[in-house]
Amino acid sequence: MTTPLLEARNVTKIFSSRGSIGKKGSVTVAVNQASLTIHADPPSIVAIAGESGSGKTTLSRLLLGLVSPTSGDVFYRGRPMTALKGDERMAFRRDVQAIFQDPFEVYNPFYRVDHALEMPIKRFEPTKSADERRAMIEKALGVVGLRVDETLGRYPHQLSGGQRQRVMVARALMLNPSIIVADEPVSMVDASLRATILESLLNAHDQLAIAIIYITHDLTTAYQVCTSILMMYSGAMVEVGNVDRVIKDPLHPYTQLLVGSIPLPDPTKRWAANVRSATSASGQHSTSQGCSFAPRCPHVMDICREVTPPLFRVNADRAVACYLYRDAPVVSPEDVSALYIGA
Amino acid sequence: MSSQFWSYIRRNPLLLVGVSLFVLLFLFWAIGPTFIDVTKARPISAMADLAPSAEYPLGTDSVGRQLLPNLLAGSLYTFEIGLAAGTIGLLVGTILGFVAGYFGGTVDSIISTAADVALTIPALAVLVVIAAVIKEGLNVRSMALIVAMLAWMRPARTIRAQVLSMRERPYVEIARLSGMNDFQIIVQELLPNLLPYLAASYVGAVAAALLAAIGLEAMGLGPQNDPTLGMTIFWCNYYGALLRGMWWWWAPPIAAILYVFMGLFAISSGLDELSNPRLRRAR
Amino acid sequence: MSAAVLQVRNLCVHYDTDAGPIKAAENVTFDLAKGERLGLVGESGSGKSTTVLALLRMVTSPGRIRSGQVVVDGTDLMQLSPEQMRRMRGSAVSLIPQAAMNSLNPVMRIRDHFYDTIRAHDRSMDRRQLAEHSAQLVESVGLRPNVLGMYPHELSGGMKQRVCIAMGICLQPKVIIADEPTSALDVVVQRQVMETLGRIQRELDAAIILVGHDMGLMAQFVDKLGIMYAGRLVEVGPVADVFREPLHPYTRLLINTLPSLDVKAVFKGIPGTTPSLLNAPPGCAFHQRCPDASGSCYESDHVLTEVLPGRWVACPCYAGAAA
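These protein sequence lines map, in sequence, to chains A, B and C.
Mapping to our numbering: the first sequence position 148 is 148, numbers consecutive.
Mapping to our numbering: the second sequence position 11 is 1011, numbers consecutive.
Mapping to our numbering: the third sequence position 94 is 2094, numbers consecutive.
Don't read these hints as lab results, they were simulated from the structure.
Check each hint, because a few of them may be wrong.
[Said to hold, decoys possible] Facing chain A, from chain B, some residues (calculated, C-beta under 7 Å):
no. : residue
1   : Glu1168
2   : Arg1169
3   : Pro1170
4   : Tyr1171
5   : Ile1174
6   : Leu1177
7   : Ser1178
8   : Gly1179
9   : Pro1192
10  : Asn1193
[As the list claims (entries may be wrong)] Reference excerpt, derived from the structure (chain C facing chain A, CB under 10 Å, subset only):
no. : residue
11  : Met2088
12  : Pro2238
13  : Phe2243
14  : Glu2245
15  : Arg2252
16  : Ile2255
17  : Val2263
18  : Ala2293
19  : Gly2295
Each residue gets a CB set at the ideal place from its N, CA and C atoms; glycine is no exception.
The task is simple: from the sequences and hints, build the whole structure.
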């Protein structure tokens, strides 16, 4: 197997806030021993799914090198992220691009939207002339279906949310990256415009061989776009595998609860009465004792509360972190990356 | 662009008022010397204690200074001190504020603690001590430096607070992902958005510096040989101008100070409206 | 069929701006039967939030209710005095506003929120009765009574939203309006909150209007679905019928473009953009994006008409359809 493009190995990220007089400091485990592998050939297209507080956004920031892990490492083309300096780091930045959730906050309100498009070219291809830059920008805008005369020269507040997000997609595609990390790219965009943006992401994968990491809470769009999926709960990996099978046949109790709660747009298929609704949980799990889902799990056993379950490899393309499957072999760190190979 | 400018001015008249006041003042300083001989602001330029007349429009003081040239030169000197001190204070404060806000950690702790401690020191007391010690060497330039020493803290804190809130914005992260280094981010991404705050802080710094300078001078702790507004007030007290009814001596400097501060206040309020979107009147 | 507890006729809301009036809601007309669940769905700018604010006469300047009637159990709310209207709010018609959980007062305990609301309408209860009533209310939404002594920041998003639902029903209204009650909540909590809302509604035998843009949620919850576009109600009908056989072109496009869990990688959007509500071009609001636009569509706006029993459409394609 060739060196993976991007790899997170058992990364953990703990945020601690200092206490003060009369108040204890608190510790939040945002990501707990997560592993993810992005391959170049064929390019992966992975969803990181979970609710708010699951750690998916923190994991994406670890992968982008915007925060450093508390333990574990992130590797870019085999090199640890912390070792990347100077030119190597610039090469990494150019190669791994991102699209964020809020289509308004990603723009500096002082500048026109052209600035967001010109900046990366100026930094990564400083030798290009103004005309060449303009040509690159026009081409990228064309790919996402935007007209130059409707887009360039305007301020962010003069464009609609859908247009702004499409400009961000254009920006991500412009310099031919190897990976695009899209963090909830359509959750703040109107329903009728989501399709275009998701389609551009899929085209980027199919036609330009760009690997995609799609972070979302919406399992339906994850199903639409991706091949593999990593389900996260309270910072831990709960289920990894082929997206079709994970969603059609969820194995982890949390995934089952989640899939059962999706409001299907079909009045004849109402929420199944037999999926037990869990009691409400408050706050995030801040200790690492036992399975974080144990307080809400209908199948909880004693061992679940004491020891954190490892990932059990149920079959070639599925792993579940649940003692219900303890008869299956435990996934070793090397095996993890095989789970993310596209079907 | 210009139509936007004028429609904005109509909604924010204070800014225009403030700017106009200063434009007039600058004209006074620029054109004044052609009609008024500034050298006559020195002592023994005329007979002492003369009331205003055609020859001496603002009269003379007790050591023979002609008071109209005195006003011209004095207001200019005072403003120079305020401007210099305010500028230095703002520059130092801005740099420290950016560094503290953007980099955080130990650097932030050091700068913030220094600013907090400096703010609690009674500024005037310190200035008095320093000015008294170097009494003989005081001139406009050294006044400016002394006052600037205690003018950097507020801009530093304001800028730091703004930078703290701005550095987590997604557009800063996008800039980082575009390969910009910290310095470029500060200058290209953060600084332009801070211009309104900088402008408002600048006006505040200049106003504070002016007050400090005039305060020191009025106590006599200023440049003995330069007829700044504050020094003029000092000499007024020294020679008992109030008791002697020499209104042409004590009134002009006070009027000038009021004028300058009205202008500064108007500009500051106008800028407040500009930089604070919530204060902006709905279009 | 139960009698209509809410009848809205030709409701028009305009926003007056320097550039002219923005027609946020135009001729909105619908009925709501007792105990019925109506879903008002539309994209941002479609006028659904404006409509519900207008139902409660809570439209603020520069918005104005230009015309229309809102009849609740025989009383036209538009004809009431401000004081009479104040008494109707919360007791006849209540609103659980968008992002309600963010409007909980952070320095007041939960029980004080309830006391405020109840006492604004009924000063007769003493503290003990208030406490009992509040405890019953929070229990009815599935929370434990100890929640009453807590501050909003001590509760999770789902719990706060349920507190807001409890506040919305504390005066036993006949019509509950819930504006995107679950938008900030995750799927699992969303389901719990919606099931709670449904149970409460049945217990009170109240009618409910659910406003949102999530067609999936509508499919799961409502009896009748109303589609709004550019300030107009373009289709109303029983939810299963609307999904199975949408009549208005916009509804058809909307349903066809819903991502499904059956087919992968098929992305369909609706080309074009919503028209400006400020200088709307003449004719049907949808004609620029409509695949079936013709003749009269460019000239005059279509009126919502009942083309089949219980099915209303604002589109001439079905004008001739017999019952």
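Hints, one by one, checked against the model:
Interface hint at B/Glu1168: violated, since its Cβ lies 10 Å from the closest Cβ of chain A, which is beyond the 7 Å cut-off. The restraint placing B/Arg1169 at the interface with chain A holds, with a minimum CB-CB distance near 6 Å, inside the 7 Å limit. A hinted interface residue such as B/Pro1170 counts as satisfied when its beta carbon comes closer than 7 Å to some beta carbon of chain A; here the least separation is about 4 Å, so the hint holds. For B/Tyr1171, the suggested interface contact is upheld, since its CB lies about 4 Å from the closest CB of chain A, less than 7 Å.
Among the interface hints, the one on B/Ile1174 holds; its C-beta lies about 5 Å from the nearest C-beta in chain A, closer than the 7 Å criterion. With 7 Å as the threshold, the beta carbon of B/Leu1177 comes within range of chain A, its nearest partner Cβ sitting at about 5 Å, so the hint holds. Below 7 Å, beta-carbon pairs count as interface contacts, and B/Ser1178 has one with chain A at about 4 Å; its hint therefore holds. Using the Cβ-Cβ criterion of 7 Å, the hint placing B/Gly1179 at the interface with chain A is satisfied: the shortest such distance is roughly 4 Å.
Taking 7 Å as the C-beta contact cut-off toward chain A, the hint placing B/Pro1192 at the interface holds, the least distance being around 4 Å. A cut of 7 Å between beta carbons decides the hint on B/Asn1193: the least distance to chain A is about 5 Å, and the hint holds. Because the closest C-beta pair between C/Met2088 and chain A is about 32 Å apart, greater than 10 Å, the hint is violated. Look at C/Pro2238: its Cβ gets to within about 9 Å of chain A, closer than 10 Å, so that hint holds up.
A least Cβ separation of about 5 Å between C/Phe2243 and chain A falls short of the 10 Å threshold, and the interface hint therefore holds. Annotation: interface hint on C/Glu2245 violated; nearest CB of chain A at approximately 12 Å, more than 10 Å. Checking C/Arg2252 against chain A by beta carbon gives a least distance of about 13 Å; that is not within 10 Å, so the hint is violated. For C/Ile2255, the interface hint holds, the least distance from its beta-carbon to any beta-carbon of chain A being 8 Å, beneath 10 Å.
Hint status for C/Val2263 relative to chain A: holds, with the closest Cβ pair at about 8 Å, below 10 Å. For C/Ala2293, the interface hint is violated, the least distance from its beta-carbon to any beta-carbon of chain A being 17 Å, above 10 Å. Checking C/Gly2295 against chain A: minimum C-beta separation of about 26 Å lies over 10 Å; hint violated.
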